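Asker: Residue numbers (my numbering), protein chains in the order written: chain A, 1 to 337; chain B, 1 to 337; chain C, 1 to 337; chain D, 1 to 337; chain E, 1 to 337; chain F, 1 to 337.
None of these hints come from the bench; they were simulated from the model. Source: prediction; values computed, not measured. One should not assume that every hint holds.
When chains are identical, the list treats them as one kind, so a pair holds in a single copy or across two.
In silico lysine to any residue, SDA-like type, Cα no more than 20 Å apart, as pairs [what the hints assert, rightly or not]:
{"no.": "1", "residue 1": "Lys99", "residue 2": "Ala159"}
{"no.": "2", "residue 1": "Lys319", "residue 2": "Gly195"}
{"no.": "3", "residue 1": "Lys319", "residue 2": "Pro196"}
6 protein chains.
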Amino acid sequence: MPRYGAMYGPDITFLGVDRCDVTDPGTFADADVVIIGAPFDGGTTNRPGARFGPMAMRQACYLPHDGSRPSLAMRVDALRDLRVLDAGDVQCYSGDVEKSIHDIEEAVHRIASCGAIPLVLGGDHTIALPDARGVARARGMGRVSMLHFDAHADTGDIAFGHLYGHGQPMRRLIESGAIRGDRFLQIGLRGYWPGPETLAWMAEQNMRSYEMTEIGARGLEECLTEAFALALDECEGVYLSVDIDVCDPGAAPGTGTPEPGGLSARQLLDSVRRICYELPVVGMEIVEVAPPYDHADITVALGNRVVLEGLSGMARRRKDAAGGTRWDPRQPLLDDR
Amino acid sequence: MPRYGAMYGPDITFLGVDRCDVTDPGTFADADVVIIGAPFDGGTTNRPGARFGPMAMRQACYLPHDGSRPSLAMRVDALRDLRVLDAGDVQCYSGDVEKSIHDIEEAVHRIASCGAIPLVLGGDHTIALPDARGVARARGMGRVSMLHFDAHADTGDIAFGHLYGHGQPMRRLIESGAIRGDRFLQIGLRGYWPGPETLAWMAEQNMRSYEMTEIGARGLEECLTEAFALALDECEGVYLSVDIDVCDPGAAPGTGTPEPGGLSARQLLDSVRRICYELPVVGMEIVEVAPPYDHADITVALGNRVVLEGLSGMARRRKDAAGGTRWDPRQPLLDDR
Amino acid sequence: MPRYGAMYGPDITFLGVDRCDVTDPGTFADADVVIIGAPFDGGTTNRPGARFGPMAMRQACYLPHDGSRPSLAMRVDALRDLRVLDAGDVQCYSGDVEKSIHDIEEAVHRIASCGAIPLVLGGDHTIALPDARGVARARGMGRVSMLHFDAHADTGDIAFGHLYGHGQPMRRLIESGAIRGDRFLQIGLRGYWPGPETLAWMAEQNMRSYEMTEIGARGLEECLTEAFALALDECEGVYLSVDIDVCDPGAAPGTGTPEPGGLSARQLLDSVRRICYELPVVGMEIVEVAPPYDHADITVALGNRVVLEGLSGMARRRKDAAGGTRWDPRQPLLDDR
Amino acid sequence: MPRYGAMYGPDITFLGVDRCDVTDPGTFADADVVIIGAPFDGGTTNRPGARFGPMAMRQACYLPHDGSRPSLAMRVDALRDLRVLDAGDVQCYSGDVEKSIHDIEEAVHRIASCGAIPLVLGGDHTIALPDARGVARARGMGRVSMLHFDAHADTGDIAFGHLYGHGQPMRRLIESGAIRGDRFLQIGLRGYWPGPETLAWMAEQNMRSYEMTEIGARGLEECLTEAFALALDECEGVYLSVDIDVCDPGAAPGTGTPEPGGLSARQLLDSVRRICYELPVVGMEIVEVAPPYDHADITVALGNRVVLEGLSGMARRRKDAAGGTRWDPRQPLLDDR
Amino acid sequence: MPRYGAMYGPDITFLGVDRCDVTDPGTFADADVVIIGAPFDGGTTNRPGARFGPMAMRQACYLPHDGSRPSLAMRVDALRDLRVLDAGDVQCYSGDVEKSIHDIEEAVHRIASCGAIPLVLGGDHTIALPDARGVARARGMGRVSMLHFDAHADTGDIAFGHLYGHGQPMRRLIESGAIRGDRFLQIGLRGYWPGPETLAWMAEQNMRSYEMTEIGARGLEECLTEAFALALDECEGVYLSVDIDVCDPGAAPGTGTPEPGGLSARQLLDSVRRICYELPVVGMEIVEVAPPYDHADITVALGNRVVLEGLSGMARRRKDAAGGTRWDPRQPLLDDR
Amino acid sequence: MPRYGAMYGPDITFLGVDRCDVTDPGTFADADVVIIGAPFDGGTTNRPGARFGPMAMRQACYLPHDGSRPSLAMRVDALRDLRVLDAGDVQCYSGDVEKSIHDIEEAVHRIASCGAIPLVLGGDHTIALPDARGVARARGMGRVSMLHFDAHADTGDIAFGHLYGHGQPMRRLIESGAIRGDRFLQIGLRGYWPGPETLAWMAEQNMRSYEMTEIGARGLEECLTEAFALALDECEGVYLSVDIDVCDPGAAPGTGTPEPGGLSARQLLDSVRRICYELPVVGMEIVEVAPPYDHADITVALGNRVVLEGLSGMARRRKDAAGGTRWDPRQPLLDDR
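Please put together the full structure from these sequences, using the hints given.
Answerer: See below:
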């Protein structure tokens, strides 16, 4: 049975939110969101270091670690308006991908089964398999759509002789029935991978992948709007997977497989916010933040903010649902304060 | 009495412009702009290092340090077309914020009193208080508006038990009457600070703060145009405060409190140029450039260029005023050469 | 006679493509493109290190070095659809600019004379002189136009008492008759160099230089379209010179003379791709990638992708010419797979 | 009144030892050692960053943070054999040296007054004044000798117009009567500071300073033995002050004023161990660890180990005192296990 | 079946020596030494990156990669005087420690079975198990002694629920009978790991571990001489395992678990040379070189030199054995040239 | 004709000493030492960057740049006790080794001809040729011996087809008759270069090279004493050439061709001091300090201190010669103050 708690360095929580214990569901019975770390990077095919992502993203903020983060833009304090807890890390031995996947999936499944939204801090993208499958098992296999931000499709079949790794989780998810291929929406792909055979497989699954060229030609907002419509068709929930390498390496140098030509940090933050505000997100992960390559700590800061933008979007969504209001991005900051 | 001269490393001037002595007004009687360093970083609440900003920004250029920088875009050589002098650094002991503020304010006030534009190289943002108050005392308390580029509002009340620090200067400026709250124009705010209480105070002062979400939705140009109109209402001069963290950390990693999702370097340069060209700037500062976190020296280069873009805008403004001409950003570089 | 082969570190080829020998034309008789390294950085006036550009750009990819790179966007595998070979490095002693220029020019000329497209990995921008002149001698002096991406005009006359260096190649090219001044198209200039005298000389040559201000005001696409029309007027081929510092230092910190306010990586990649797709490129170079300043290896990755985008554009151009098809940037990634 | 708790980042303890509260003496009544952070770096005259020393040194270990560290060499587990607690940080505003000094001194004094050994994590060397004075007030003014490891004498008089700063604490300590000048033992001085006037003052105080040249000529062990004899003459306790810059910059690059030619890390560790084993240490500090300049985290690791070597020496001293045994550095590791 | 060849980046050999193929014994039938990479870092418990060790150490030399390295000190050219081949990398998936161990062991065993000395480039220290067991299976279980340079004993039992990892190989080796416990000679241990239980187990095995305190007190040379006598007692061969963290972090920052207070680089090089000269080395490995933390590439250079010193010692041993001569470290460099 | 003045960045002098003009001998008629920069790195065969050595070493000190540096150990203030001036940089185009050599030699020769000691800040080691030849021409060809600290012999014949470069200056010096081969004393050589042919040539010249193995076996002090005797035989003056790579890369990572296993910083500083104190030094250089690889600025600090130790040794030599005293390294710091 895995140990739950901080795996590297001191045992801290995300910006000081309260702790919970994944092995004791009573400790998170009232949670809206449970943050959990998956410090596994044995699945990366290139630069490792994402194992330090959870520890780094939990700390990467210059404000007091007091469990409060009022969003200027969203006018909510997600860490307080929602019940957000931190379950620590799943013990992940990077040398054993199968056990790590198993243990992560159990932890995520427990959280999702209690009705909370698991928010997983990676780790490399290998963990998308247990993360999203753990959610789908709780919410309904094939009933959760996927919004996947990444430079890479991560739909490889076999790598280094293995089924599991950071380039293959999306194929495994579809094969397992956890996520329907035609509810798989990918944003930000670019570059030179995968090859035609894999792309053909993806097309057969009716996946919808927005490569950066299409995004550049049509605009990100239009692409997202189109994707959102698909996401909600015959699915009740959305899983949001953010690989930090969807951003341009200039904005996110601290990652394992940087691919030039990506989104700006602003675009990513706006997209995450919009998704969590407009869609019924039931699970989320932020992966591939690799501190050893992040010399001025700008990538870990971005990872931290991706989490907060997501949470803020969720909190505002709930608030507007309750109050019958609607968020207006054009509203001046100080209006109605 | 403070020592004036270079505080860290060798005693150099900004790109080789002539020296002057703040204690001897005769040395800058004919100056249009007097550059002065305020190497204080005792007020920062997170990563220090901005004390090395003045030394670094003065040097951060690969061209000869010959007191000449002909702008391709503006078709002026600001370091020659204007009389630009460098007064060295105000001696700032980072362990004594009150004395540092006092000494900086006296120096800036002397410069402004002689009719020159003080251009202050920070240092952390604590120095906005003495910088802008020194100018306002010379130009008229409440008669100078503020254009403030920053990720943070810097309107905190008390921090670490102190009134003075890099998160509070804007409140102190308004409280002191140096700058009217309703002539305080903030560009680029984002993230999770300050909280509702401080925002309420800001709203009461009728400040106008353009958060990045509004900027993204409406466009930076439109926001600036709107702000410019406010800036000139009942004010004769504009003080331009540039915190380098208004830029995205990808473009400005070398800073103390990086907040993802900011402006591009291009946007900042264009904005500074436009302000100095279109508005009667009477004081300017560039702060929070922290060389220890700037591993490839790109942030100090940006700081240096912010200074030059500002000066070039001012020089072109004067030239066009004299000649009845108008700068056209669409003019091809080699036309009319 | 120069040695041809890898100059620094192990003797590798660009992502594993086949080798050829510049001294033996039979080895590249069937080549479409011959990659060659010019590890010279003796001509840089500031931060050196571009000598390691060829070694670094050949390796800077996390995918298998297997001589295959299927482009998601262009739907070609340029390293296979074209016959791309790597001739290794021209031996360049950075302490002898004249001999280095001579030897590079001979190598490039041999490649171009056989009908292949030389693709030169720099090295500092000094090498544009031998690169483009070597091509022009083969294709016709004055019959090749220049598309030049750079923050700097590189049209200086004498520097450090020398005619040759990284700030002067474009003047030497025009003076030599290799490239017509009025077929010299510069994209991305900005900052404070060169001065009026040099700009006047450029205007006399009828060069067309798109400074970033004009690009910002008019849009990059419109500027490129305009430039393309000029490029094809009375010229049969285009030489594409990419100085990585055309990008903003945030995207390309690993370079010798970083100038804030440049293109995004996405803009550069799209432009290179478009040029190689729409225009008859007969030579190409990517220069000023300086690994010592590239702490997370994002600039070398960008340099590698500039090469691949160029090659992919060429390959697609040929494919569409053969098939009567046309590339559509708006086509979804998985359509027609 | 100062806040006690973690000042930067999460609220953690040194390698997971138990917490205590300086404002509540009951929480550390049974402590042998109380660790406390003093994250002040406003007193540094050059590179800042030591404010992050406490946070970094508490974390800088790859072993589980479980409050246990069995020393191979000393055969004790100091974190368990002694009662070691962590009181968090004294809130230190780097912009206010006087208040920071006051608050640190009060905290240290409280700890020492209860009979525990304060172990202070700096912070710059300014804090030696409140640290050692706080101890001396509890143990007897002039009754505690000083063992001071440093490249610099830190006996300056006035700097930047101030009495307090990282170059002056030792003069203030002697002037205040806290430490007798002739019980001030300095190890590792070198370089070019201070000048003759200050050295004359030091000589007048009968200080004993071992410059690296003497240490090289006579051997560190002999110098230490000589110093130990002085330390115990008319003093009942020893205060150990370790400025990490006593080590060569190769071993400790992450510091504010690196001076080439220092001790090896091995020499420092052995010396600290020997002092804490052979002498009655009543207070200890480790200062000037500046993480921003510590790119591979080797200096923070060294700081962490200085703490542990000191604690292990103390624990073994107590064990041998109780058991009548004596530690033998030549004993093979596995003998008598 | 594993792929053999370069795993990361281009397919190169150690400084240009000839290639061989582990799957084809005929290709290395005449080899004296076969270099092979084991780019596995899934077993590290802290900072990963050693997977890039083989690629980096093969390249880390500023001299031509020409398969020749005449040693100044040893007066041999080991890469030529011995037949040294490079078999490339064992394909190691860091996410699967068991398969990686299996495949490495098979490869090493094949090499050793042919009579060649396997020289393994790690990778983390997990690989000592397959490396040394592969040799012992060929040379005789229990007939090969171990000389182990390391800051850590690596004799842990279970970590993260696993038998295999970088902290446990030495226990597994002893348990398996590959190496006798009383022929296990460890040099350079220090710090706070392992704890008493593990040390007791080590003592039971009659291991001989030289902690740095003993080395400091007695001298490294004396300790080595003592160890050599043990190594040759009832063993015909010696396996040399060098964990780069045996060196002080100042000399080897690029490693996963840096422990302050280690050997100097000079001490390590001299020791490796002496061992390979004086003892019948039948296998060797250099592990835990982690390039991501090696900002100026000094650790990879040291790793490269450890290999060369070892090879040079072997070559000189053979030469002296043939010629009846003896190497004299005091001989001036230019005598008898 | 070369320009003399600062070549990169601002025009500063070494720690604030007075300026002089090499083209005007009257400006340094009374100088004891003239510092001059030779920012040439076109001759390096590997990592460039030494061009920034002069600028960096002039600034690399945390003390006031006030033209005073009282040595603790030597009890002199060399910058005041001697007349030390700074002539700025020889303009060196790294792309033209021959002109750079010529211009450096002329400058050095002028200084030496006036009786002052030239102290040259490199630059790569190519400059040893003009430096030492310029001195020898003034002092007598063959009448100056060479003390050469380096990891490399720098006696190569031809490299990259050239006679001149950083690996060949010592051969050129001997060939030219400037320095006698049998008065060439090399300290610190190690590694794998040069090969037997070059070593044979060196032996023919009767050079005396102390490789690190001999130094380790005999002790550095004994080797130096032996070398000093040779240096003074039939020579009236000594030229001291310090390549910073003589130090171990841990102490000097910022260099072009780091070779593990070198001297400690302490050993180098002590040796330089001893040479300048015991021998009649008539010229000195410190080369191969490459700031781009010096991430915490410890190598530039070491370079600065090498200069100061040399100057302090010279100053004390003069003082003792005048006073009939003798420096005692064992004298306690505060004795006789």
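Asker: Would you mind marking each hint as holding or not holding in the structure?
Answerer: Status of each hint after checking the structure:
1. Lys99 to Ala159: Both ways: Lys99 and Ala159 sit 18 Å apart in one copy and 14 Å across, limit 20 Å.
2. Lys319 to Gly195: Cα proximity of Lys319 and Gly195: across copies only (18 Å, versus 44 Å in one copy).
3. Lys319 to Pro196: Result: close only across copies, 16 Å inter versus 45 Å intra.
Checked against the numbered hints given earlier, this structure breaks none of them.
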